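Following the hints, complete the assembly by docking chain B onto the known chain A.
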Amino acid sequence: MMATCRIPLVLLACGSFNPITNQHMRLFELARDHMHYTGQFEVVGGIVSPVSDGYGKQGLVQAKHRIFMAKLALQSSNWVTVDEWESQQPDWTETVVTMRYHYSRILKEYEQRTGAHRGGHGNINISAPPPQLKLVCGADFLSTFKIPGLWLDDHVEELVSRFGLVCISRGSLQPERAVHESDTLHRHRQNVFLVREWVRNESSATEIRRALRRGQSVKYLIPDSVMEYIQQHNLYTQDSERRNEGTALRPLIKQAHQHINSLND
Amino acid sequence: MASSNLTKVVLLACGSFNPITNMHLRMFELARDHLEDTGQFTVVKGIISPVGDAYKKQGLIEASHRLEMARLATEDSQWITVDSWECDQSEWMETAKVVQHHHNKLLVAEDNTDDVDSVSAAKKRRVEEKPLDSSGEHEKNGSPRLMLLCGADVLESFGIPNLWKSEDIMEIVGRYGVVCVTRSGTDPLKFIQQCDVLWQFRNNIHIVHEWVTNDISATHVRRELRRCRSVRYLLPDDVIAYIQQHKLYSSESEERNLNEVLAPLYQRLI
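Those protein sequence lines, which keep their order, are chains A and B.
Residues in the first sequence are numbered from 69 upward in steps of one, following my numbering.
Residues in the second sequence are numbered from 2 upward in steps of one, following my numbering.
Heads up, some of the hints might be wrong.
As the list claims (entries may be wrong) - Cross-link-like lysine to aspartate or glutamate pairs, in silico, EDC-like; alpha carbons within 20 Å at most:
1. B:K98 / B:E37
2. A:K322 / A:E249
3. B:K57 / B:E95
4. B:K106 / B:D89
5. A:K287 / B:D238
6. A:K139 / B:E95
7. B:K248 / B:D238
8. A:K287 / B:D38
9. B:K58 / B:D34
10. A:K125 / A:E249
11. A:K287 / B:D216
12. A:K287 / B:D34
13. B:K98 / B:E172
14. A:K132 / A:E265
15. A:K287 / B:E95
16. B:K248 / B:E63
17. A:K287 / B:D77
18. A:K214 / A:E249
19. B:K58 / B:E261
20. A:K287 / B:E37
21. A:K214 / A:E225
22. B:K106 / B:D169
23. A:K125 / A:D307
24. B:K106 / B:D84
25. A:K287 / B:E76
26. B:K98 / B:D54
27. A:K214 / A:E177
Hint data in this document are derived by calculation from the structure and do not stem from the laboratory.
Computed from a predicted structure; not experimentally measured.
In isolation and in its complexed conformation, chain A is listed as follows (with noise of 0.2 Å):
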């Protein structure tokens, strides 16, 4: 039998939550078709990490919640799992560091079964390529990278060269236009997928607090046990919108004083 060698592969995702819809889960499934479409990958899981409460953005419910809620939402599901580490910082964490973070603890895991392996047969042909780590987003993402001061260019480069992104578009050109005029997306363009999501679903979070807010039905749009969390919290209100409002986002902030500080190294 020829043995293809596919890379296992982990999909991440980083964001708010807030809360998680349908969408969110369906960009997991469209980017796992497409990754193992390529023949090089194998999927072996995929994880949701809600944004810590120091991100600062307007409406962002308490973390313990978004990660409640996504537990819920993702009991359904075989392969995606929800991660609070980065929830459990104290601060916004870079989502480079993030990456760092989970590669390392799959890494670890990686290690200790193929060295187990070793030990027991003494065949290292048996053991699997290491796994890799890649980002799921949507198009928007890319064309945070050149908004200034937001990303570090370090960051950039070690998030395309070392783990790599899965972008899923609905059609507009926008993510291939991210990567063209990027020089470090150009240079690792074999490194960033490009998935096409031919169907238009655009429930975002923003549209299903709109609607809780102004009381009309979100069923459908996110799964019944997310709603029924909702409702017995009370947790999207005109007043849970006003959070952080006026405040700056705390990643401008934190890559502003890193900026400060190379400057006077």
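Just chain B now, kept in the frame of chain A:
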């Protein structure tokens, strides 16, 4: 109490439901929110009525499966139901007849609330034979008003020559009313303005704007299934499990009714 002044509405959606998707279900939710927002209506029930096999549409699988999938999909809904009357008929039924049937059924149900069961059969016969006159009848006895729920494409199809009988359009729009869910970016008002019958009864046409596009067509779902790609979160998990269990959508099933004439068109030909 103010709520007693509200007109009760039952929403009826006709279509293939091959298979039912979250978009179909969303249409009901959007229509209900919209109608109740007017302060005039309270939506008491939704009915999904899958078309019969005699419709002869390409790729249309057996009604029994489409019915069961719709049942599974609406199990967790408090108000949306599935009705098999239309697909139980041996021939294709014009939408106007389906609407009529459900209208009569509602009248019977209303009468039955103060009558004993034993007379219901006789009453039913009487109601069905009685020629129905004005569009205000539902208000007389307080029974719910039936409205057809559809997408903008159905409204536009009213303008396709010979697809619909003009008296059917008159009846559906004039006597019952239509709730039309439209994707942001399309403008059905222009279409209503261009069609005399629709213009005449424009007060009976409720336009619901879907600001958040949710364009999950059943055609797309079947295509993804044929290509062994994931359709998760596009339709309920129970429906996906049913499709897998019965191996419902394949290249072969897509060839069903290939080269057949669609029943509504066939009826015009003969």
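Here is what the structure says about each hint:
Restraint check: the Cα-Cα separation between B:K98 and B:E37 comes to about 27 Å, which exceeds 20 Å; the hinted pair is violated. The straight-line distance between the Cα atoms of A:K322 and A:E249 is roughly 25 Å, outside the 20 Å bound, and the hint therefore fails. The straight-line distance between the Cα atoms of B:K57 and B:E95 is roughly 14 Å, inside the 20 Å bound, and the hint therefore holds. Annotation: proposed proximity of B:K106 to B:D89 holds, straight-line Cα distance about 16 Å (limit 20 Å).
Between A:K287 and B:D238 the CA atoms are separated by roughly 14 Å; this keeps the pair inside 20 Å, and the hint holds. Our distance criterion of 20 Å between C-alpha atoms is broken by A:K139 and B:E95, whose separation comes to about 46 Å. In summary, the hint linking B:K248 to B:D238 is supported, as the alpha carbons are separated by about 15 Å, within the 20 Å threshold. For the hint pairing A:K287 with B:D38, the CA-to-CA distance comes to about 17 Å; that is within 20 Å, so the pair holds.
For the hint pairing B:K58 with B:D34, the CA-to-CA distance comes to about 32 Å; that exceeds 20 Å, so the pair is violated. Note on A:K125 and A:E249: the hinted pairing is violated, with a Cα-Cα distance of about 27 Å set against a maximum of 20 Å. Only pairs whose Cα atoms come within 20 Å are accepted, and A:K287 paired with B:D216 is accepted, the gap being roughly 16 Å. A distance of roughly 12 Å separates the Cα atoms of A:K287 and B:D34; the hinted pair therefore holds under the 20 Å criterion.
Proposed proximity of B:K98 and B:E172 is supported: the alpha carbons are some 10 Å apart, at most 20 Å. Annotation: proposed proximity of A:K132 to A:E265 is violated, straight-line Cα distance about 31 Å (limit 20 Å). A threshold of 20 Å between alpha carbons decides the hint, and for A:K287 with B:E95 the separation of about 31 Å lies outside it, so the pair is violated. Between B:K248 and B:E63 the alpha-carbon distance is near 13 Å, which keeps this suggested pair within the 20 Å criterion.
Taking the CA atoms of A:K287 and B:D77, the gap is near 10 Å; set against the 20 Å cutoff, the hint holds. For the proposed pair A:K214 and A:E249, the alpha carbon gap of about 9 Å is at most 20 Å, so the pair holds. Distance check on the hinted pair: B:K58 and B:E261 sit about 7 Å apart at the alpha-carbon level, within 20 Å; holds. Pair hint A:K287 plus B:E37 holds up; C-alpha atoms about 16 Å apart against a cutoff of 20 Å.
At roughly 13 Å between alpha-carbon atoms, A:K214 and A:E225 fall within 20 Å of each other, so this suggested pair holds. Among the hinted pairs, B:K106 with B:D169 is consistent with the structure: their alpha-carbon atoms are about 19 Å apart, no more than 20 Å. A C-alpha spacing of about 14 Å is found between A:K125 and A:D307, which places the hinted pair at or below 20 Å, so the restraint holds. Proposed proximity of B:K106 and B:D84 is supported: the alpha carbons are some 12 Å apart, at most 20 Å.
With a C-alpha separation of about 13 Å, the suggested pair A:K287 and B:E76 falls inside the 20 Å cut-off, and the hint holds. For a cut-off of 20 Å, the pair hint linking B:K98 to B:D54 stands: about 16 Å separates their Cα positions. This hinted pair does not check out: A:K214 and A:E177 have alpha carbons roughly 35 Å apart, beyond 20 Å.
When held up to the earlier numbered hints, the structure conflicts with 1, 2, 6, 9, 10, 14, 15 and 27 and fits the remainder.
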